[in-house]
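So the protein lines, in turn, are chains A and B.
Following the numbering used here, the numbering of the first sequence begins with 1 at its first residue and continues without gaps.
Following the numbering used here, the numbering of the second sequence begins with 1 at its first residue and continues without gaps.
Don't take each hint at face value.
[Stated by the list, open to error] Distance condition first, Cα-Cα at most 20 Å in a straight line; then the derived EDC-like pairs of lysine to aspartate or glutamate:
1) B/36 to B/91
2) A/194 to B/132
3) A/186 to B/91
4) A/186 to B/132
[Claimed, not checked] One-sided and incomplete, this derived list gives chain A residues near chain B with beta-carbon spacing under 7 Å:
5) 95
6) 122
7) 137
8) 172
9) 173
10) 176
11) 180
12) 182
13) 183
14) 190
15) 195
16) 198
[Said to hold, decoys possible] Taking beta-carbon pairs under 8 Å as the criterion, some of the chain B residues facing chain A (in silico):
17) 84
18) 109
19) 110
20) 121
21) 141
22) 189
23) 193
24) 213
25) 236
Hints are computed from structural coordinates only; laboratory data are not their basis.
For glycine and all other residues, C-beta sits at the position ideal for the given N, C-alpha and C.
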Amino acid sequence: MKMKFQTANQHTWRTIKNVLASAATFLSAVLVIAPLGLVFFHLLANGLSSVNWDFFTHLPKPVGEAGGGMANAIVGSLILLGLGSMIGIPVGVLGGVYLAEYGTARANSVLRFVADVLNGVPSITWGVVVYGLVVLRFKSFSAYAGGLALGLIMIPLILRTTEEVVLLVPNGYREASLALGVARWKTIVHIVMKTASKGIITGILLALARIAGETAPLLFTAFGNRFWDHNLAQPIAALPLQIFTYAISPYDDWHRQAWAGALVLVIGIFCVNVVVRILTRGRKISVA
Amino acid sequence: MKVMPSPDPSVFERSDGAALDAVETEPAPPLTFQVKALSMWYGGKQAIENVSLDVVSKAVTAIIGPSGCGKSTFLRCLNRMHELVPRTRMEGTVLLDGEDLYLTNVNPAIVRRRVGMVFQKSNPFPTMSIGENVIVGLRLNGVRDKKFLNERLEKSLRMAALWDEVKDDLHKPGTSLSGGQQQRLCIARALAVEPEVILMDEPCSALDPIATAKIEELIHELRSQYTIVIVTHNMQQAGRVSDFTAFFYMGRLIEFGTTTKIFTNPTEKQTEDYITGRFG
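Excised from the complex, chain B in its bound form (with noise of 0.2 Å):
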């Protein structure tokens, strides 16, 4: 297994106990995910080789590559969503708070309440209305005290930044919004379960300048109760969002570190030449 270059031991080295010592005096940030030798298949062709990463609670990290690279893969391998493919292939590890995701006795279902998504391309159910679209997932899972729903509701809207522009509009189609409320729409929707992370995959790809200003503004206010992964193949983006950013390029992990160690001292040559636009 190809160790990864930890710039920041107290937090990424904490895994091997030895490093642990060292840094005694700053306590290291509590970890969300730790995922250990991942490697991923579709049919025969390997998508993701032998990828280790820790994830920081509260904190956003952000996966960047070029298109192909795997980044969508590991983000979906995080809320076991890779298994809707058929004859897909995983090994290795990946822990949430130190659980197991993929022991054979825990439901995937029960991983996705307490890892939410964000998709692509806004996905708002086209037989719902805009509240019924926030508050689907709880209705869905059995919540049915009105009082909860609509509390809930304004809660994830708000969260969503999105409560000032529909909260006149609740019974309006959740389809007949802009592209970009549509998304935040869709962030508020995954807020409504409460899941502990939310990961992102290229949330702002189909959107404007403005409305891709909005979502990251919102990112950022989400930082503080969350822990976000995002994939973005916008680099400005990885730098103005994350705090944390790994680089992948054919399937694998090249570089992992803090953002700003990332983008302004790369330890590997094919992470400046993507920084730098030399390529991808």
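Here chain A stands alone, though its shape is the one from the complex (with noise of 0.2 Å):
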């Protein structure tokens, strides 16, 4: 029996499911985008007017008065970036090492879910944690506790990312190494890591960008600070600290610097990202 082409009928039926579908898709991807945009347009609407040399620059004014800026905010962000990086970067990146070189599939698949459960974990949780833990103990708010609370968050989410890029290593390497009669651990170090260092140091700056705008973990540990002080040990600023403050309080002057300064943040995590797209651009491991 011959077949018949399509009737028309059908066929109009199929070109309109087709473009039903089409736009369904298209206006999925335009509703991923449209956030981004959204924030920056009002980020740069409400902010921008307030990001001048005095915000870099500048300590917060008391209330009432015009002016002032953030710099103590800005260098108490970096300083709590330090400290988390201390804990996170070491820890996360020596575990998934571990997990991708050594370890053993049993121990490997409760460490992931464990991994998993701590990257799923509300980061106000962590906050929590560690005020009990460090903040009682100590009878004071801190730096060191923000950064523990913001390190704990790093460790799993550059473990995981440190895990996948060296999975990603073709064996050829390890056994190239191996052979020449190179000890383990110095194959792991020299050639393995090496080889994965872009994916690594990806993975690491994804992972601070997304701890440079928590606020939770931050609000029972850091506490904030509205003075240029950097003793470790005392309270101290953080931007998205004081943009949540700033936030939620009464004054217009306020508010406008809230808005300036989560432009500032935006756009540094902003530059992260472009960071990170560079490095993996081009990210191409042969495989042996």
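Reassemble the complex: the two chains are provided individually, in unrelated frames, and hints are given to aid placement.
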């Protein structure tokens, strides 16, 4: 029996289905991009006027006085990121390397599961945990406590990305190195981790971008500070905390400052992501 | 244990002791490896079954056989590379210059420093230049002396017949070379740590005929200084480059002898069928 080409009727119905499906996917794509555009638009519209030299170099002014900046919060945030990195990077990277290179299948599945659960823990939980462990014990909010909370958030993030990129390194390189009589740990450090270094750095940067905007874990730990005070055992200012404080205040001046702070924070995170894009561009590990 | 037919008693029956007296006139050539009753399992699957084989020093021994016959696995048992695969089990002994490789106090890294390896697919380290690739084995084994490293760099590249092609590009990435050059770079890298033995696991299977010819020429030249064991599924190659040939089938050593003997007058029917291309 000869098959007929589809009738015109069928063809029309197919075209309609096709258009509907295309439209739905297009709309979803727009919905994905739209929030970013909205956020940027609002931040620029409300914050740009307050982002000036003073913002980066001056301390907050008392209520009612115009001007002032967030210099203390910017430096405080950098200090907190540094402290967090001192915990998150070594533990995360070494843990990820362990998962990829050493761990037994059983231990690995447990570790992976734990890391994934930790990744899903709401960040305020970390703040409460560190509050109980550190702040109560030393009877003071401190930069150390804030850094610890951020570091704990970084660990599972970095661990998982490190594991993934280390696993991507083709086995041929490990074999080639071991066949030269190079010890296992040297092979891992000098060959495997070096080959995966871009990916590991990317993971670290993404983790930093993620925690740079964290507010909740700092509420009970770093607490915030309105002065140029960077004693690590004392409460310390942080950009997200300052934004939070200013945003919930009743003063227009402070609202403008909060917008400016949010803009600076978002631009900072945006820049980190651009660096990540550059690093991962043309990242190609030839498969052996 | 199945006793292998030994085509040349002066070479292969020395370990029996008794045969030695019979050929007193011609001293037996020194052996690099003495493999005795080697069996190997991946998990529950047996890959090598009771293989005994002696590898003569400063000669080329080829291992041929169809895919999956255990020839690569056997090669990896000679420098303990198979241990990288989890859940492997081994029985039997492998002696290198009379020393057991598998004693519990033997460090596999030291074994591999003496028994180098070249792989099927060339694998220069992508993060390193040509020069760095050659000396990486020395550097990671703690050699710091710049002058020594430079000398060894040139010497190894010359031995691998690559020096003239790359001497002006030593700083370029190792992966920028052509496939055949990359493979010779890997040979130079293996030579730089001055091993006694070089194991080659199908080193030409990814190369074109011209690059293959260069590697084979290289094997000819290296033979005077190194013991070479080469796995190949190219029988013509085995015929061209080797002094001895071992034919593996289904994890067993079917026949072992001088290459001339194996290729012209094999004892076993299976060997003959494989050599003549009736299967495999």
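A quick look at each hint next to the structure:
1. B/36 to B/91: 9 Å, holds
2. A/194 to B/132: 13 Å, holds
3. A/186 to B/91: Distance of about 29 Å is beyond 20 Å: violated.
4. A/186 to B/132: With Cα atoms ~15 Å apart, residue 186 of chain A and residue 132 of chain B stay inside 20 Å; holds.
5. 95: Since the shortest Cβ distance to chain B is 21 Å, the answer is violated.
6. 122: Result: violated, 38 Å to nearest chain B Cβ.
7. 137: 44 Å, violated
8. 172: Hint holds; residue 172 of chain A Cβ to chain B Cβ min 4 Å, cut 7 Å.
9. 173: Holds. Min distance 6 Å.
10. 176: 5 Å, holds
11. 180: Since the shortest Cβ distance to chain B is 3 Å, the answer is holds.
12. 182: Hint holds; residue 182 of chain A Cβ to chain B Cβ min 4 Å, cut 7 Å.
13. 183: Where the cut-off is 7 Å and the nearest Cβ of chain B is about 5 Å from residue 183 of chain A, the hint holds.
14. 190: For residue 190 of chain A, the interface hint holds, since the closest Cβ of chain B sits about 6 Å away, which is under 7 Å.
15. 195: 6 Å, holds
16. 198: 10 Å, violated
17. 84: Cβ of residue 84 of chain B sits 7 Å from chain A, so the hint holds.
18. 109: 5 Å, holds
19. 110: 7 Å, holds
20. 121: 5 Å, holds
21. 141: With Cβ-Cβ at 6 Å, under 8 Å, it holds.
22. 189: 7 Å, holds
23. 193: Nearest chain A Cβ about 6 Å off; hint holds.
24. 213: Cβ of residue 213 of chain B sits 24 Å from chain A, so the hint is violated.
25. 236: 26 Å, violated
In summary, the numbered hints that this structure violates are 3, 5, 6, 7, 16, 24 and 25.
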